[in-house]
Amino acid sequence: MRFLVKRIALMIPTLIGITIISFTVMKMAPGDPTSLMTDLNPNMNEEAVKRIRAHYGLDQPWHVQYLKWLKNMAVLDFGRSFAPDNRPVIDKIAERIPITLFINILSMVLIFSVSIPIGVISAVKQNSMFDRVSSLIVFIGFAVPTFWLALLMMILFGVKLDWLPISGFRSLNFARLSPIGQVLDIGKHLVMPIFVSAFGGLAGMSRYMRSNMLEVIRQDYITTARAKGLDERTVIFKHAFRNALLPVITLLGLSVPGLIGGSVIFETIFAIPGMGQLFYQSVMMRDYPTIMGILVIGAALTLVGNLLADILYSWADPRIRVND
Amino acid sequence: MPLKKSLILLTMTLLALAQGCNEQSTQTSPSSEVTPAVASRNSAAVDDKPAYGDMLINGSIGDASVLLPVLASDSSSGEINGLIYNGLVKYDKDINLVGELAEKWDVSEDKLKIRFFLKKGVKWHDGKPFTAKDVEYTYKIYVDPKTPTAYSTDFLKVTEFKVLDDYTVEAVYDKPYAPALGSWGQGMLPSHLLEGEDITKSPLKRHPIGTGPYKFKDWVTGEKITVDSFHDYFEGRPYIDRVMTRIIPDLATMFLELKALSIDQMGLTPLQYVRQTNTKWFKDNFNKYKYLGFGYSYLGYNLQDWKFKDKRVRQALTMAIDRESIVQGVLLGLGAVTDSPYKPDTYWYDQNVKKFPYDPEKAKQMLAEAGWKETNDEGVLLKDGKPFEFTIITNHGNDIRKNAAIIIQRDLKKVGIKVHIRVIEWAAFLKNFINKRNFEACLLGWGIGIDPSQIDIWNSKKTGESELNFINYQNPEVDRLLDLGASTYDRQERKKYYDKFQEIIAEDQPYTFLFVQYALPIINSRFHGIEPAPVGIGYNFTKWYVPKRLQKYTIQP
Numbered sequence: 072m073r074f075l076v077k078r079i080a081l082m083i084p085t086l087i088g089i090t091i092i093s094f095t096v097m098k099m100a101p102g103d104p105t106s107l108m109t110d111l112n113p114n115m116n117e118e119a120v121k122r123i124r125a126h127y128g129l130d131q132p133w134h135v136q137y138l139k140w141l142k143n144m145a146v147l148d149f150g151r152s153f154a155p156d157n158r159p160v161i162d163k164i165a166e167r168i169p170i171t172l173f174i175n176i177l178s179m180v181l182i183f184s185v186s187i188p189i190g191v192i193s194a195v196k197q198n199s200m201f202d203r204v205s206s207l208i209v210f211i212g213f214a215v216p217t218f219w220l221a222l223l224m225m226i227l228f229g230v231k232l233d234w235l236p237i238s239g240f241r242s243l244n245f246a247r248l249s250p251i252g253q254v255l256d257i258g259k260h261l262v263m264p265i266f267v268s269a270f271g272g273l274a275g276m277s278r279y280m281r282s283n284m285l286e287v288i289r290q291d292y293i294t295t296a297r298a299k300g301l302d303e304r305t306v307i308f309k310h311a312f313r314n315a316l317l318p319v320i321t322l323l324g325l326s327v328p329g330l331i332g333g334s335v336i337f338e339t340i341f342a343i344p345g346m347g348q349l350f351y352q353s354v355m356m357r358d359y360p361t362i363m364g365i366l367v368i369g370a371a372l373t374l375v376g377n378l379l380a381d382i383l384y385s386w387a388d389p390r391i392r393v394n395d
Numbered sequence: 008m009p010l011k012k013s014l015i016l017l018t019m020t021l022l023a024l025a026q027g028c029n030e031q032s033t034q035t036s037p038s039s040e041v042t043p044a045v046a047s048r049n050s051a052a053v054d055d056k057p058a059y060g061d062m063l064i065n066g067s068i069g070d071a072s073v074l075l076p077v078l079a080s081d082s083s084s085g086e087i088n089g090l091i092y093n094g095l096v097k098y099d100k101d102i103n104l105v106g107e108l109a110e111k112w113d114v115s116e117d118k119l120k121i122r123f124f125l126k127k128g129v130k131w132h133d134g135k136p137f138t139a140k141d142v143e144y145t146y147k148i149y150v151d152p153k154t155p156t157a158y159s160t161d162f163l164k165v166t167e168f169k170v171l172d173d174y175t176v177e178a179v180y181d182k183p184y185a186p187a188l189g190s191w192g193q194g195m196l197p198s199h200l201l202e203g204e205d206i207t208k209s210p211l212k213r214h215p216i217g218t219g220p221y222k223f224k225d226w227v228t229g230e231k232i233t234v235d236s237f238h239d240y241f242e243g244r245p246y247i248d249r250v251m252t253r254i255i256p257d258l259a260t261m262f263l264e265l266k267a268l269s270i271d272q273m274g275l276t277p278l279q280y281v282r283q284t285n286t287k288w289f290k291d292n293f294n295k296y297k298y299l300g301f302g303y304s305y306l307g308y309n310l311q312d313w314k315f316k317d318k319r320v321r322q323a324l325t326m327a328i329d330r331e332s333i334v335q336g337v338l339l340g341l342g343a344v345t346d347s348p349y350k351p352d353t354y355w356y357d358q359n360v361k362k363f364p365y366d367p368e369k370a371k372q373m374l375a376e377a378g379w380k381e382t383n384d385e386g387v388l389l390k391d392g393k394p395f396e397f398t399i400i401t402n403h404g405n406d407i408r409k410n411a412a413i414i415i416q417r418d419l420k421k422v423g424i425k426v427h428i429r430v431i432e433w434a435a436f437l438k439n440f441i442n443k444r445n446f447e448a449c450l451l452g453w454g455i456g457i458d459p460s461q462i463d464i465w466n467s468k469k470t471g472e473s474e475l476n477f478i479n480y481q482n483p484e485v486d487r488l489l490d491l492g493a494s495t496y497d498r499q500e501r502k503k504y505y506d507k508f509q510e511i512i513a514e515d516q517p518y519t520f521l522f523v524q525y526a527l528p529i530i531n532s533r534f535h536g537i538e539p540a541p542v543g544i545g546y547n548f549t550k551w552y553v554p555k556r557l558q559k560y561t562i563q564p
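Just so you know, the sequences run in chain order A and B.
Start counting the first sequence at 72; every next residue gets the next number (our numbering).
Start counting the second sequence at 8; every next residue gets the next number (our numbering).
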């Protein structure tokens, strides 16, 4: 318990450290939020540029800007975006998180449920036909550029066969559909995006699972189990599989922050207004409050994810428990 | 390209060299969700008379940012704002200034006062009448130091603004300023909803109220923006009931949506125009248009660099570059070589401007005259022992510019000039290179305003950091002509100054003017009434219609 309190207390300075570094790096990048509006714009004069900079508080030294931001952050005020819409950052993030979260969770479930069996079977039947073919397929998935695969699928399923909608995540008449219709509608829209995003992730996970499994199978206690005369099923699933699954907890923990991150390329292709696009646009516009908002949430989730992984680990594996 | 965005209100600007596809082909609509009374393709256009109804779905690569014209400086917002708001004046289909919310106007004898007489009976979308108070509020918010707007410059030239009665206003200037009239084309804002509010936090940013032909319906961030026709519009109810803009950031995806008939209108890339839309199916279902856009690309030389100080060198560079092959190779022919900072098919373009056609032999000769005679063992020209070698910089994300630079590199190599190309992310490109004058040559583009005043780009004094004469062009005669032009109201007299200005620019060649691109919209052929004109196709949007039998969507309010 004390260990837990200490871990959580340590997270606060870590988080502040992360924000200082992010803020500095962001400020060092050339350009600022006004450049898009003012630079190379014949309608702009110096007076107007000054006015706009003052409006956003950009005329102050950067540490003053940072402290101001930190003070607001302390009471969870993310501030207002510097983009022309000037909306509260929290609103901009909140309207994009659900769809991103939804896609990422589904795609993660898909990745885990497909790649763990592939990994285990490949390891148990190492160098078999299945091992080779599955390796080939997952590596193709890893190597194929997302945008290209997405376009091919769109042409086939969207234009030629007309089975699935091409882009977006709901139809134009969405509001008038029945609840079941709405679920089906979103489902139809998300088949391609989720397949494409999961396909690329299969390789890493299944390879990881395969090597874990291979390592475990070579351990003495597996030999012992076999020597006891246990049948192969029990050896693999009861003794080997469980142990091979342990490191996956770390991966799960690490993927928590990834849940709110999205891929720009993939969201752009499928016209899904998710976090990836928001972050990309914010960086391009030097929309500091939005960038910082997303980074802080990401950093906090990373820390929480690590903590969760540690807790789960000590729960699942008695060897690494810290003595109170 | 923010350059273009700021200068242009898109709905006004599309200019037509109309290659109209005028056959009235009707739509066969294989996968539409709502019922067209499908007619055979060549049926006579008997019942094709204007009718209310249907929806137009537009594809846009970017979401709007804010639906208040005073705050928006991006083209996506500008396009929606164009449907929702009106200015006092606008440009008609032949690019002449005409009244929109103003019935007429008087310019005083000394050209210092403009008096606008407003139309009566114009209503805001919420039913309140439009009056002089709204004009006054709009003027005040533009010049308010607290408003973060990119468009205050023209309004700051007003020294006094008077409301004479409910339907008459007067703007007073301290010297004659010809672009002033056009500047009143900015969208008018409703004072009864905004007066006393902080405009940057106003709910109208996302729920606008204007006087325009379409009223706001809803906006789902990153997905779509919907506007519905305003039945009390002062120029009459628009035929098309609803316009939806779908945000599809990727052009390839957008094109597939077009093929699936899920969107009705988009701007094509040259490749899509030439190679992908010439099938019979496309001809049956869509009409393509093309007209010169309001913008040009150029290669600008840093005139403080010793290599570019001699105008013979700059003329030779222009002659050494095969601009026609850039248009063919990069734009697939969908552009026009240009020799002046005005649009080749407009009134202000000087048809007799001196041209420097592709002539590498003559270019070599002129370079020799300028002292570039010997070559080193790489074949690069030398002067005083130094090689003719320079770097063209351009911004990241614009393949047309990058590819044009590659062709220029090839062409200049043939006359013995070694060119390097550097592509840089936009913000860094501006801050570290353009604004700091840290470049030898840059490949960029300018939007061409409808008003011919170009003082900010060419005036000798506009060379400070982040000002626009970043190539440091200095010519007192040009300064004088541009000042004269800006203070002259008479069009013919004004044109004389700008013709002379173009001649000087052609002689000096501070830029090598490269090309003007075509705008390439494609529109579903069920839309009728599109009449390409010099200003483009958008000018009569409220008169576009879909005949009853071809209507695809039924609109439920």
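It should be emphasised that the hints constitute simulated quantities derived from the structure, not laboratory data.
Do not rely on the hints blindly, as some may be mistaken.
For each label pair, taking beta carbons as the anchor points, the in silico distance ranges come out as [claimed, not checked]: (1) N285/B / A371/A: 50 to 60 Å; (2) D151/B / I83/A: 35 to 45 Å; (3) Q283/B / N198/A: 42 to 52 Å; (4) I211/A / G243/B: 57 to 67 Å; (5) V114/B / L172/A: 52 to 62 Å; (6) I211/A / N439/B: 55 to 65 Å; (7) V180/A / E538/B: 31 to 41 Å; (8) A371/A / K421/B: 56 to 66 Å; (9) N285/B / I257/A: 52 to 62 Å; (10) L172/A / K468/B: 48 to 58 Å; (11) D162/A / Q283/B: 50 to 60 Å; (12) E538/B / I257/A: 51 to 61 Å; (13) Q283/B / D233/A: 46 to 56 Å.
Virtual Cβ for every residue (Gly too), placed ideally from N, Cα, C.
Range agreement (Cβ of Q283/B with Cβ of D162/A, hint 50 to 60 Å): violated (39 Å)
V114/B paired with L172/A, Cβ distance criterion 52 to 62 Å: Since the Cβ atoms of V114/B and L172/A sit about 59 Å apart, the hinted range of 52 to 62 Å holds.
Range agreement (Cβ of E538/B with Cβ of V180/A, hint 31 to 41 Å): violated (55 Å)
51 to 61 Å as the expected CB spacing between I257/A and E538/B, which holds or is violated: violated (41 Å)
Consistency of beta-carbon spacing, D233/A to Q283/B, with hint 46 to 56 Å: Because 19 Å falls outside the window, the suggested range is violated.
CB-CB spacing for N439/B and I211/A relative to the 55 to 65 Å hint: At roughly 41 Å between Cβ atoms, N439/B and I211/A fall outside 55 to 65 Å, so the hint is violated.
35 to 45 Å as the expected CB spacing between I83/A and D151/B, which holds or is violated: holds (42 Å)
Cβ distance range 52 to 62 Å for N285/B and I257/A, holds or violated: This hint is violated: roughly 36 Å between Cβ atoms.
I211/A paired with G243/B, Cβ distance criterion 57 to 67 Å: This hint holds: roughly 59 Å between Cβ atoms.
Cβ separation of N285/B and A371/A, checked against the hinted range 50 to 60 Å: Holds - the Cβ-Cβ distance for N285/B and A371/A, about 54 Å, lies within 50 to 60 Å.
Outcome of range test on Cβ distance (A371/A, K421/B; 56 to 66 Å): 59 Å Cβ-Cβ, so the 56 to 66 Å window holds.
Cβ separation of Q283/B and N198/A, checked against the hinted range 42 to 52 Å: holds (47 Å)
Hints 6, 7, 9, 11, 12, 13 from the list above are not met by this structure, while the remaining hints are.
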